[in-house]
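Engineer: So the sequences go chain by chain: R and G.
So for the first sequence, the UniProt record's numbering puts the first residue at 1; every next one is plus one.
So for the second sequence, the UniProt record's numbering puts the first residue at 1; every next one is plus one.
Think of the hints as simulated: they come from the structure by calculation, not from any bench.
It is possible that some hints are incorrect.
Chain copies aren't distinguished; within one or between two, either way the pair holds.
Claimed, not checked - Straight line, CA to CA, 25 angstroms or less: simulated DSS-like cross-link-like pairs of lysine-lysine:
no.	residue 1	residue 2
1	13	152
2	290	217
3	152	196
4	35	152
5	265	13
6	196	76
As the structure is a computational prediction, the values presented were derived from the model and not from experiment.
Number of protein chains: 2
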Amino acid sequence: MPAAAVSDSKTHKFNPNFTAQVLAATGPNVNPRVKQLTHSLIQHLHDFARENELTVDEWMMGVELMNEAGRMSDAKRNEGQLLCDVLGLESLVDEITYKLATDAADEPTATAILGPFYRHDAPKLEMGSCIVHGIEGTGDRTWMHGTVTDFKTGTPIEGAVIDVWHTAPNGLYEQQDPDQPDMNLRGRFTTGKDGKYNFYCLRPVPYPIPFDGPAGKILTALDRHPYRPAHIHFLLTAPGHKPIVTQIFDRSSKYIDDDAVFAVKDSLLVDFNPFQGDPNAEFELPYDFKMATFADAKEGKLNGSTEESASL
Amino acid sequence: MPAAAVSDSKTHKFNPNFTAQVLAATGPNVNPRVKQLTHSLIQHLHDFARENELTVDEWMMGVELMNEAGRMSDAKRNEGQLLCDVLGLESLVDEITYKLATDAADEPTATAILGPFYRHDAPKLEMGSCIVHGIEGTGDRTWMHGTVTDFKTGTPIEGAVIDVWHTAPNGLYEQQDPDQPDMNLRGRFTTGKDGKYNFYCLRPVPYPIPFDGPAGKILTALDRHPYRPAHIHFLLTAPGHKPIVTQIFDRSSKYIDDDAVFAVKDSLLVDFNPFQGDPNAEFELPYDFKMATFADAKEGKLNGSTEESASL
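Given the sequences, and given the hints that come with them, work out the whole structure.
Structural biologist: Written as structure tokens, this is what we have:
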């Protein structure tokens, strides 16, 4: 328990033994990591309630918001995640997880949050394919290409799968938009021996995160806008390498300094270059991904396979 | 922001500006109480994540638990509330709310958590009615009676509504149990000029809170039992008086020192006295309720009508 939290608890006017009593209810047969996380969460929640003299009505408003988020969540939408996102929590745990895995000076590609719009089983496509369907003449066709390498050796990685997804020009992901074909603007590409990849997509646009639910209520209550700067999502996997969840951001996009979910990192800013000579693309976007082997990524709970990891 | 939390933030190895950046996104047109609560919550959540080096996988497990709780919640069940209950949060905000309202030495009846099984619109019954239906010969029939008075003047309160609910001998509330009649073991009784009330109920039993959802997962993970000591719930309302949400506990019940939701208070312990001469009851339970006027309850956010109160 952080000493700071305990001293807070001692200066308030409420039952000084209450939190200790709740923590003491924990039995002996508890996973140490589960105990650490749950006890710390209880301490913080209780300190939060006492420091702010949280009333029953205010607490119940929070419970209803959480329940509403859960009811809105399904295979196509994760409102609980979105609620965390507008509070900066997903970007923070992303930073923590990345930092724990990465101590090298010459770092692998930085990570960014998965976001609530990832879908499993995007179509497996041939290199050079186009992931844009049912959208005509937007003037924003982009040829994206690059190489996936091992960040330490520089060796191209064979069999790396680049799973990509982004929004349509109307700012909607396909699962939010009945007018788009299923799995539009999504695809999975597998590298050959040279580690190279290339495909056609769109230069994305800023868009508002959905604000018809609890996350929107929080944004409205905090007098905040719901916009994200233009970005493309990636999930990279490769044999023997640590997966990378990331996004790349259009450096010239509106909201680049003011992302509603706080995901922008300097190393993930990219430039869309005007592109001549290809009738299928107005822009070119070169981008190389650098992955770490599991051995180079710091061992431990990140690999999801240690005794220490929490599970419920 | 508590100084303690800020100093925690300064000693970690992560982006030292991140939380400030999230807080700075708040616009100028924000209710001060909403700002206070949200900013404090963000600070605590971020400190929690950093202090424990929370990983993306661990955070996502929490999100899924929250979403699952929301999906299980409806008019008959509030799993988000139950999740808070096993972490002690509802009992804590109940204590805070009660303390804010009560400074007097001779205090009104202590409060206890509402719990997730309250239902609106319980049947309005005549004094002396029995709320037990479809349950035969358990040997635990109880005649409960007493007076509702103003805690300061001692005057009986006319028009006080006593809304009562408790579990059946099988440990289930009627909405959990298809074999019980709708609204079984619930009733609302309105006092006359003498402030007196009386009705027949059962001497309740300890029971496990539902553990087929996220709250049960938490209990299992913490190696804790799900039992509550025997208790009867009340919601008291009366013209001009502050409502009282409370429970009274059978002093001799198992789990009286080890309530899964931490709701027991000494002043709410009662004795079921063996009762002779009434063919309808084996026990007698005398209990007087003491209510405070709104004027005597400390004014402020408790009345739910001040500008300070948070709303979304």
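Engineer: Which holds for residue 152 with residue 196 at a C-alpha limit of 25 angstroms: within a copy, between copies, both or neither?
Structural biologist: Cα proximity of residue 152 and residue 196: one copy only (17 angstroms, versus 81 angstroms across).
Engineer: For residue 13 and residue 152, with the copy left unspecified, which applies at a CA distance of at most 25 angstroms: within, between, both, or neither?
Structural biologist: between (56 angstroms within a copy, 23 angstroms between copies)
Engineer: As a check of your reading, is residue 265 near residue 13 (CA-CA no more than 25 angstroms) within one copy, between copies, both or neither?
Structural biologist: For residue 265 and residue 13, only the inter-copy Cα distance (17 angstroms) is at most 25 angstroms; the intra-copy one is 43 angstroms.
Engineer: Is it within, between, both, or neither for residue 290 and residue 217, if the alpha carbons may be no more than 25 angstroms apart?
Structural biologist: neither (38 angstroms within a copy, 39 angstroms between copies)
Engineer: Can you tell me if residue 35 and residue 152 fall within 25 angstroms by alpha carbon in one copy, between copies, both or neither?
Structural biologist: neither (37 angstroms within a copy, 45 angstroms between copies)
Engineer: Is it within, between, both, or neither for residue 196 and residue 76, if the alpha carbons may be no more than 25 angstroms apart?
Structural biologist: Classified as neither; 31 angstroms inside a copy, 56 angstroms across copies.
Comparing the model with each earlier hint shows violations of hints 2, 4, 6; every other hint is respected.
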